[in-house]
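Line order of the protein sequences matches chains W and F. When you line the first sequence up against our numbering, it's residues 1 to 333, in that order. When you line the second sequence up against our numbering, it's residues 1 to 281, in that order.
Careful: at least some of the hints might be erroneous.
[Unchecked claim] Now the stretches of chain W that chain F is said to cover, found in silico as 3 or more residues with beta-carbon under 8 angstroms:
id : segment
1  : 55–65
2  : 103–110
3  : 116–123
[Said to hold, decoys possible] Computed, partial: chain W to chain F, Cβ under 8 angstroms:
id : residue
4  : Val-82
5  : Arg-87
6  : Tyr-95
7  : Phe-97
8  : Arg-301
If you are wondering where the hints come from, they were derived from the structure by calculation, not from laboratory data. Note that beta-carbon positions come from the ideal geometry of N, C-alpha and C, so glycine has one too.
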Amino acid sequence: MTEALLEVDNIDITYGGRSLFRRRPALPTVQGASLSVRRSETVALVGESGSGKTTIARVVAGLHRPSRGHVRFEGVDITNLVGDRSRSLHRQIQYVFQNPDASLNPRRRVSQILGRPLEHFFEMRGADRARRVEELLAAVHLPPGYASRFPTQLSGGERQRVAIARALAAKPKLIVCDEVVSALDVSVQANILTLLAEVQASEGIAYLFITHDLAVVRWIAHHVYVLYLGRILEGGTPAEIFAPPYQPYTAMLLESVPEPDPSGPLLRAEDPTTESSVPPQPEGCPFTPRCPHRLDQICEREPPPHQRLGDTHEIWCQIPAGELARRQSVVVS
Amino acid sequence: MRRSWETIRDLPAPYLLATAVLAIHLLVALTGPLWAPFDPVKLSAGPPFTSPSPDHLFGTDNFGRDVFSRVVHGERVVLLLAFSASGLAVLVGASLGVILAYLRNWVDESAMRVVDLLLTIPPLILSLLLLSALGSGYVIMISTVAFFFALRVLTVIRAAALNVVTEDFVTAARLRGESAWSVARREVLPNVMSTVLVEFSLRTGYAVLFIGGLSFLGFGAAPPTPEWGLMISEARPYVTNAPWIVLAPSLALASLVVSLSLFTEAISEALGLGSSRVRDV
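Using the sequences and the accompanying hints, generate a full structural model.
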């Protein structure tokens, strides 16, 4: 179990560039990102919009090529586009999208939506296929009668279940879950997360879980990476992430979670007005302008150094972890 | 499908009238030859230039042929030619449009610039040129018309498909490693099918007019075929003395084109695509 299922090794991702009739400036969106996912494990990638978390997911899926670095799956380099990957790799890495309204073809019945991957990957047809479609529906707790429905005849949560069933149809080893619950009602979110946990327990599937929701992370993840504007700033188990010392950005993220009990302990934002107007250099720590602990000369110019705080806990920051811990004494419970 | 039908039923009266007229045209095309009173090419079915009467509803022409029978028989010729041309145009145009929209790469970019270039050529003039060079058989005529119409269908369907190809279900199919053809057929085409239907109806109307025009100019059907454009052309010298010979096929042609155009409008609205009138010819 020590060998990683998925390894993202120091990748840079750049958008834009040239095509036959277009010339756009290349924009770096992710810099030096490394992460690994082990078998049957849920790894969460947390960040606000624009942090590059979906971009990393798209590289893993083969929809983008990183401009630097490697992606490995079971030790084999897969730093290529989906068209160049083998069918068995297509099968083993599945993707569940944020919005089930868009990820299910409105003109195809559930039986066709679930049946197509069976046909494509396993050459299943006829009665075999129909039986397997029913099994898949059962696995995501939908009645077999739903096979003949169109996606528009299902609720949002039911559609997301169908999308998950479609991913399961391929018998994958890894499912990339891109904000899979953020388009759903809170009560439905819990159901879907329970379902994902259940499927993981029975099938041993690993998840790369993209989200901006810390509550979800705490609930489902075995390991968390915190991403800000294209750089991973902290990594660790949820217990480590949710306890000091925090990387300064993580601390701010945790503060921003609404506190249900106002009398309880509160992590105070140091001083929200200290935002710097100086944009960081491309190499510098992207959080510098908003960071309450920033060191003006260094943070802007130098990439934040890696600090390993334990077997699994790591942060990227100029300030030593001990110093951070001293400044952040209060725990968010 | 039922909802579409109910929407059609609730459409304004002109659309319903047009649909009824179109139904009559189709019925005549299907069954006309069974009940038309005379052979359309039979000379001296009556005295030449007989004015309309119970024996000859639309009178007779300069050869004494029964104009009513010729119009009725012509319906089949006209519709068959138009449907072939528009059907071929939609088949080719829609397939290419969907594939190009899915590819969205340099092939698409280059192909669309070529299409833009070809769209600047006036279809009638180049058709006449081609037909006079290659001879005026039906196959060549239909291919020529279909070619020009396919360009227009292609741009419309490509535009509609571009809205579909960015959807996540298309990405999901790509991630599965499906071929471009499979994605185009399974995922994209069903979502632009309503546009394809409207295009087919619209282009059929234009094809009736266009082919009628070619025949009128002598590059389409050959005498003695009872093709309406050709009939109008042949009857021109007698328009003052025996106007019915010109009027009968003209009215048939006009009512077919107008009813097709209004019907297109009706299904376009029923399918929720808005007016098709803003489209180019």
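Hint-by-hint comparison with the structure:
1. 55–65: holds (count 3)
2. 103–110: holds (count 6)
3. 116–123: holds (count 4)
4. Val-82: holds, 6 angstroms
5. Arg-87: This interface hint holds because 6 angstroms falls under the 8 angstroms limit.
6. Tyr-95: holds, 5 angstroms
7. Phe-97: holds, 4 angstroms
8. Arg-301: Status violated, d = 38 angstroms.
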